[in-house]
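Novice: Listed below, chain by chain, are the residues.
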Amino acid sequence: MFVGTHNHGQGHETAFAQLVSERTGLDLDNIEVVFGDTRRVQRGLGTFGSRSAVVCGPAITLACERVIDKARNLAAHMLEAATSDIELKDGHFTVAGTDHRVAFSAVAKNAYSAGGFGEDGREPGLDETAFHDPQGFTFPFGAHIAEVEIDPATGVTQLISYTAVDDLGVEINPMIVEGQIHGGVVQGVGQALMERLCHDDTGQLVTGSFMDYTMPRAAALPLITSERIATRAQSNPLGAKGAGEAGTFAAPAAAGNAVMDALASAGVTHFDMPATPLRVWQALQAR
Amino acid sequence: MYAFSFHQPETLEEAKRLFGESDDPRYLSGGHTLLPSMKLRLATPSDLIELNAIESLKGISIEGDNVVVGAGTRHGDVAQSADVLAAIPALADLAGMIGDFQVRNRGTLGGSIANADPAADYPAAIVGLNATVKTDRREIAADDYFTDLFETALEEDEIVTAVSFPTPVRAAYMKFPNPASRYAIVGVFVAETAGGIRVAVTGAGASVFRVVEMEAALTVNFAPEAVADILIPDDDLNSDIHAANDYRAHLVTVMAKRAVEKALG
Ligand SMILES: Cc1cc2nc3c(=O)[nH]c(=O)nc-3n(C[C@H](O)[C@H](O)[C@H](O)COP(=O)(O)OP(=O)(O)OC[C@H]3O[C@@H](n4cnc5c(N)ncnc54)[C@H](O)[C@@H]3O)c2cc1C
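Residue numbers (the working numbering), protein chains in the order written: chain A, 1 to 287; chain B, 1001 to 1265.
Treat the hints as calculated values from the structure; they're not laboratory data.
There could be a bad hint or two in this list.
Stated by the list, open to error - Quick list of the computed label-pair ranges, beta carbon to beta carbon:
#1 B/Ala1141 with A/Val268: 28 to 36 Å
#2 B/Ala1082 with A/Phe210: 30 to 38 Å
#3 A/His8 with B/Glu1050: 38 to 46 Å
Stated by the list, open to error - Computed list of lysine to aspartate or glutamate pairs in DMTMM-like fashion (alpha-carbon distance at most 25 Å, straight line):
#4 B/Lys1262 with A/Asp120
#5 B/Lys1134 with B/Asp1157
#6 B/Lys1039 with A/Glu13
#7 B/Lys1262 with B/Glu1139
#8 B/Lys1262 with A/Asp151
#9 B/Lys1016 with B/Asp1144
#10 B/Lys1039 with A/Asp200
What you are looking at is a predicted structure, and each value in this text was computed from that prediction instead of being measured.
Cβ atoms here follow ideal geometry from the backbone N, Cα and C, with glycine treated the same way.
With these hints in hand, go ahead and build the complete structure from the sequences.
Specialist: Quick look at the structure:
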């Protein structure tokens, strides 16, 4: 399967292969997901806007249905039955109500073997291409709660707990979705509490390495609780919603407001992210 | 990184001879400071003389009331040493706060104090405990060893061989780490030693320094309150994106207070 989206850690190899496996009955190990290789993939736009599952997913399932139709037609020929009597189950095409069956792989082999696809005008091969143009956006929503503690003596902010409840529609792979939430939350927390690009008076970047640019690290974070509810999205056949950025949207607001709430109790009326120790301490001095 | 010649002597004499014969030599221990600066072409030595094969630089021993740590000893080994944990737990604690696992598994005591980074942790323990730096040719008292920003009393070809730390009555180290690098923004070592109370501060200035006012206050009353209101002047303190100088001065007080609490257990 060649896809025009790009995977760089979001688990497309797994989730997209699942879409194909669920529909064809093929083993996950036999499905290769190819992306990001301009020599093999004809066109693509990459991945952005939490849209890979939502936009690419339906194109995948559409292409799957077309491939299955072609294969069913050929399986009918091989099993000497009517196409309408052929069922696809567990990776096999079966004549309904009988134990006559042929494996998907055997059909695929015939589709590319001279003479294997019959003589009655059937098109050889199983390849299909599909595109999907989403009719409108998806609207994931949720509520995130961050609890922070600030040490007034040092200005250090500690994230104590983080709970995220999101509605991301139908999830292809809940474990991957949970990982996306965790990753997004950490990125958002980084933005709220530590990450900052700084330049000196001459325009030189002074946060040019991780010795000065603070990335969130596992040790600085609590365990993140992620719960989900699922309302089907109406704008795509999978019912999926964008998940990748859900955490990054919510976390800066949740963590940033938690910091502001704590500082407000000490009389601070305005505070801009990020809540680095120095900035928090300065805000407490200035009140 | 530019090309260089690499030597691995097994004795101090050989190391010094190689140093004398080379154009622009540098000793190499853990390499966690020297190699990154070579990669950035900030250092371009003609010859690297690695000290890790010299057995006499390794190991930790107890000599009377002193814990003697070889210059080639890795931070991780100091942090886990049963001898150090028993005699000077504050020193093991400090070594365990340096950088991360990778850094502690490579970086050495000798490399750290020869480099004399203003944000390094060991200088606080050396000055705080009134330790003695031993070299291939002499012994240097803690108060004379660190002279300025990245400057020490060492001569050009002088090799640190060990540091002798006197066992204190009690001691503790508190570190406020740089949130990105984990180096000390401010580190305060407080110790009650045979020769009196010592308070040593690293990270805040160009080089480690003592706070005599705090030492005097703790001599009268070894309690957190004794230092809680002592604020050091911030004129000569470091100032950067992570910590302005007034914040550093404030952190010295906070860390000193917490170090006293920790020393009292
Ligand atoms: C990511 C990172 C984080 C770090 N965080 C901390 C931290 O939190 N706290 C901290 O204190 N340090 C920190 N360090 C520094 C580290 O702990 C080492 O102590 C330091 O790099 C120097 O030790 P080294 O053995 O690696 O020396 P090297 O890099 O091998 O040498 C450093 C200098 O000392 C000289 N030298 C080496 N050994 C001797 C000797 N026996 N006699 C005379 N001269 C010698 C070398 O010629 C060179 O000029 C960090 C380093 C890194 C890379």
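Novice: If any of the earlier hints don't hold here, list their numbers in rising order.
Specialist: 1, 4, 6, 7
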